[in-house]
Amino acid sequence: MLVIDCPYCGPRSELEFSYGGEAHIARPADPSALDDQAWVEFLQMRSNPKGVHAERWRHLHGCARFFNALRDTTTDLFLATYKIGEAKPDER
Amino acid sequence: MGKFSGFEVLRQAFSGQKGWSEQWRSAHPKPAYDAIIIGGGGHGLGAAYYLAKQHGMTNIAVLEKGWLGGGNTGRNTTIIRSNYLFQESSSLYDHAVKLWEGLSQDLNYNVMYSPRGVLMLAHTVHDIQVFKRHIHANRLNGIDNEWLTAEECKDYCPPLNISPHLRYPVIGGALQRRGGTARHDAVAWGYARGASELGVDIIENCEVTAIRRDATGAVEGVETTRGPIRTRKIGISAAGNTSVVMSMAGLRMPLESYPLQALVSEPVKPVIPCVVMSNTVHAYISQSDRGELVIGAGTDVYTSYTQRGGLHIINHTLEAICELFPMFRRMRMMRNWGGIVDVTPDRSPIIAKTAVPGLYVNCGWGTGGFKATPGSAHVFAWTIAKDEPHPLNAPFNLERFRDGTVIDEAAAAAVAH
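These protein sequence lines are chains A and B, in that order.
The numbering of the first sequence is this note's numbering, which starts it at 1 and goes up by one.
The numbering of the second sequence is this note's numbering, which starts it at 1 and goes up by one.
Keep in mind the hints are simulated off the structure, nothing from the lab.
Every value quoted in this text rests on a predicted model; they were computed, and no experiment measured them.
Hints are supplied without guarantee of correctness; some may be wrong.
Said to hold, decoys possible - Below, simulated EDC-like cross-link-like pairs (lysine to aspartate or glutamate); rule was C-alpha separation at most 20 Å, straight line:
no. : chain 1 : residue 1 : chain 2 : residue 2
1   : A       : LYS50     : B       : GLU207
2   : B       : LYS65     : B       : ASP185
3   : A       : LYS50     : B       : GLU223
4   : B       : LYS3      : B       : GLU197
5   : B       : LYS132    : B       : GLU88
6   : A       : LYS83     : A       : GLU22
7   : B       : LYS353    : A       : GLU41
8   : B       : LYS3      : B       : ASP106
9   : A       : LYS88     : A       : ASP72
As the list claims (entries may be wrong) - Computed from the model, here is a short list of chain B residues facing chain A with C-beta under 7 Å:
no. : residue
10  : VAL244
11  : ARG252
12  : LEU255
13  : GLU256
14  : THR303
15  : TYR305
16  : PHE401
17  : ARG402
Note that the Cβ used here is the ideal one computed from N, Cα and C, for glycine as well.
Hey, can you work out the whole structure from these sequences and the hints?
See below:
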């Protein structure tokens, strides 16, 4: 089981969290301007990297707030957690 | 590589069974092939076999970064069934079941296909409604699937606990009698042996590091850890690593890769006669011919390439197993492991041409690819050879995510994703 460092509450067990998928996928500012291919990019395409992944987590059974994390998908090691709206930290 | 037969076993007995040759040639990469399959699991080796056997393409190679069948082919729970909801899916999976039925004879290699029945348990009114809908849909599509009451479930699978006092009591089940299991390693080995005999080069320990494209954008070869290889056709059958391989050709995929765990118990005498699956309490179980209980757990919630997963996931599954089968409470578990499954947004696979000429992909099988191995391999070989999809895999294209013609089997996959 992972230990995840919630930026609001500190380190807690993975069971307290829900996963929110890839982070930094911005909702289109003008949705009606998008063509079908652009919608596919936004809704369906995922980077799914083997390596550092920026992803959303939610501390569901704690503060219930969303935050972002950098995690290495080859080791499951968390490199950083940071609040929504903050810039992505440098990948170490 | 002689043919297996009773006579051959007898003949070999006179020389102490020491005269058997290797089952497939250990090949070195040639400078160029007519086609290359990336990924030496059941789906990739099968595609090579059918390319050589049915489409006459024998100057081809299968590139495997590790050892044959070392990925999800060797990590699954070997369940075979075709009782999917939508016609597109049930047609594709039933194509596979029909091939399973004759596969040992076709390959002259015993894949131990055992149609012992797959029983999917219903625990709630919602389960009953969903399963009956499946049964009716399957019947319209000519696929066997029948409703059993709790008592009939108990008759079919005597160790099952149908007490009304369970937290989630068994109140019925859907049974596909043609469903069952097969020996997963034998599938990879049998296809490898068959393909090798037809002239296919099977190259292990050969990881693809780049896909080369010419000025028009079409593929012209790959770079590997064992040197560059030229080819005009590449079929990617890389399961959990598909996104990584496709990115070498500059393509993004609607895929996420998750760890899926399974475990086996110590071997015991035959006790569980069929495959039992439960979506609601989330467990599935069967018994291998060696006597081990083979138990499938769920996926972790996060994407990962680690081929392991959280202990709480398998704990949860074992709690469900112990409730359904109280007699297993003191069984010891021998091994557990994880495989990386590539999941699409609609939980249906992609077997298709891509935007890059000469590049084909077979992926997105999620948690249920083993059952489809022969059918998937067969239609993928067709797609590569003819540069157009077989009617069975035409709906499983990449454009469906853009056009909205998704095949939404998420609720039909028997296990919660």
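Outcome of the hint check:
1. A:LYS50 with B:GLU207: Judged against 20 Å, a Cα distance of about 15 Å means the pair holds.
2. B:LYS65 with B:ASP185: holds (17 Å)
3. A:LYS50 with B:GLU223: Within the cut-off at roughly 19 Å; holds.
4. B:LYS3 with B:GLU197: holds (11 Å)
5. B:LYS132 with B:GLU88: Since the Cα atoms of LYS132 (chain B) and GLU88 (chain B) sit roughly 19 Å apart, the hinted pair holds (cutoff 20 Å).
6. A:LYS83 with A:GLU22: Distance ~15 Å between LYS83 (chain A) and GLU22 (chain A) Cα, so the pair holds.
7. B:LYS353 with A:GLU41: Between LYS353 (chain B) and GLU41 (chain A) the Cα gap is close to 18 Å, so the pair holds against 20 Å.
8. B:LYS3 with B:ASP106: holds (12 Å)
9. A:LYS88 with A:ASP72: With a Cα-Cα distance of about 14 Å, the restraint between LYS88 (chain A) and ASP72 (chain A) holds, given a limit of 20 Å.
10. VAL244: holds (5 Å)
11. ARG252: holds (4 Å)
12. LEU255: holds (6 Å)
13. GLU256: For GLU256 (chain B), the interface hint holds, since the closest Cβ of chain A sits about 5 Å away, which is under 7 Å.
14. THR303: It holds, given that the least Cβ distance between THR303 (chain B) and chain A is near 6 Å, below 7 Å.
15. TYR305: Since the shortest Cβ distance to chain A is 5 Å, the answer is holds.
16. PHE401: holds (5 Å)
17. ARG402: holds (5 Å)
Hint compliance for this structure: no hint is broken.
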